[in-house]
Amino acid sequence: MIQIVDEPIDLVPIIAASQSNSAGAMVLFTGSTREFTSGKQTTTLKYDCYREMALLEMEKLREQATERWQLVNCVLVHRIGEVPLGEMSVAIATASGHRPQAYEASRWLIDELKKRVPIWKQENYADGSTEWVHPNSDSPANSDSSQVCDSTNSENSKP
Amino acid sequence: MILKVQFFAAAKELLGKSELDCQIELDRPANISDLKDFLTTHHPELTDILKTSTFSVDRQYATPQTVLNPDQEIACIPPVSGG
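Order-wise, the sequence lines are chains R and W. Following our numbering, the numbering of the first sequence begins with 1 at its first residue and continues without gaps. Following our numbering, the numbering of the second sequence begins with 1 at its first residue and continues without gaps.
Don't read these hints as lab results, they were simulated from the structure. Warning: the hint list may mix true and false statements.
To be verified - For lysine-lysine, the following DSSO-like pairs were computed, each having C-alpha atoms within a straight-line distance of at most 30 angstroms:
#, chain 1, residue 1, chain 2, residue 2
1, R, K40, W, K17
2, W, K12, R, K46
3, W, K51, R, K40
4, R, K60, W, K51
5, W, K4, R, K40
6, R, K60, W, K4
7, R, K60, W, K36
8, R, K40, W, K36
Unchecked claim - Computed beta-carbon distance windows for the label pairs:
#, chain 1, residue 1, chain 2, residue 2, range
9, R, V12, W, V67, 41 to 49 angstroms
10, W, E25, R, R34, 46 to 54 angstroms
11, W, T52, R, R107, 20 to 28 angstroms
12, W, I2, R, S22, 20 to 28 angstroms
13, R, G97, W, P44, 49 to 57 angstroms
14, R, Q70, W, L26, 27 to 35 angstroms
15, R, E35, W, Q60, 50 to 58 angstroms
16, R, D10, W, D58, 31 to 39 angstroms
A quick note: this is a predicted structure, and the numbers were derived from the prediction, not measured. Where a beta carbon is used, it is the ideal one built from N, C-alpha and C, also for glycine.
Work the whole structure out from these sequences, hints included.
The structure is reproduced here in structure tokens:
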């Protein structure tokens, strides 16, 4: 299950889609809008995307993770548009026979999603300013060398 | 030839629109590198964002050498920040 949604993310169908009799473990990762990044106060995040290509890249990630970690199920959902404080912008569910594979795949998927999938966030700060987040990473085509941060708001976006 | 190029996020905001027709006339088929040169010349407001942006052709990441034709779906991809 691969989705880009304009509404709040509903975890119930994501969990349902990841369950299986052959999965002994399921890891659910969610990323949410955080209020403070490097001391600046965020009021909301707004996401833009190249929808058709983003879905293709998310599907590639799903296929690669499924093969590498022998996942039973893998779900990637990203919300776009405005995402208020505390609400989820991304959810990833990985299900496998045993837990190590589900945990490792989950971490790899969110890291790669942040490097490769054509989705962009715009910070809307409490002081009224806005800023598109474009980390100074290498080309996503050379994704292994680009920078990653493990939280939803990007720490490495400031000039 | 005229290439239709899509823009997103800061590139779209700097340009003021999400799509641009780029007329590139060379004595050989244009590639991504030529398109970048064209954009830098005709839209200097994009100079900085183009330095870190990559491009896609038909929804796949392209290289500077990827050859272009008017039937392709071309997009400028600034550094991504999903998640």
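Hint-by-hint comparison with the structure:
1. Among the hinted pairs, K40 (chain R) with K17 (chain W) is consistent with the structure: their alpha-carbon atoms are about 29 angstroms apart, no more than 30 angstroms.
2. Note on K12 (chain W) and K46 (chain R): the hinted pairing holds, with a Cα-Cα distance of about 14 angstroms set against a maximum of 30 angstroms.
3. Of the pairs offered as hints, the one joining K51 (chain W) and K40 (chain R) holds, with about 26 angstroms between alpha carbons and a cut-off of 30 angstroms not exceeded.
4. Between the alpha carbons of K60 (chain R) and K51 (chain W) the distance comes to roughly 26 angstroms, so the proposed pair stays at or under 30 angstroms and holds.
5. Using a Cα cut-off of 30 angstroms, the hinted pair K4 (chain W) and K40 (chain R) is violated, with the two alpha carbons roughly 38 angstroms apart.
6. Straight-line distance between C-alpha atoms of K60 (chain R) and K4 (chain W) comes to about 26 angstroms, which keeps the hinted pair within the 30 angstroms bound.
7. Restraint check for K60 (chain R) and K36 (chain W): the C-alpha separation of about 27 angstroms stays at or below 30 angstroms, so the hint holds.
8. Distance hint between K40 (chain R) and K36 (chain W) is unfulfilled; the C-alpha atoms sit about 34 angstroms from each other, more than 30 angstroms.
9. Against the hinted window of 41 to 49 angstroms, the Cβ-Cβ separation of V12 (chain R) and V67 (chain W) comes to about 47 angstroms, which satisfies the hint.
10. Our hint of 46 to 54 angstroms for E25 (chain W) and R34 (chain R) holds, since their Cβ atoms are close to 49 angstroms apart.
11. Distance hint check: the CB atoms of T52 (chain W) and R107 (chain R) are about 26 angstroms apart, consistent with the given range 20 to 28 angstroms.
12. The beta-carbon spacing between I2 (chain W) and S22 (chain R), approximately 53 angstroms, falls outside the hinted interval of 20 to 28 angstroms.
13. Evaluation of the 49 to 57 angstroms hint for G97 (chain R) and P44 (chain W) yields a pass: the beta carbon distance comes to about 56 angstroms.
14. Distance hint check: the CB atoms of Q70 (chain R) and L26 (chain W) are about 49 angstroms apart, inconsistent with the given range 27 to 35 angstroms.
15. Taking 50 to 58 angstroms as the suggested C-beta distance range, the pair E35 (chain R) and Q60 (chain W) does not conform, at roughly 37 angstroms.
16. For D10 (chain R) and D58 (chain W), the Cβ-Cβ distance of about 32 angstroms falls inside the hinted range of 31 to 39 angstroms, so the restraint holds.
This entry does not satisfy hints 5, 8, 12, 14, 15, going by the numbered hints stated previously.
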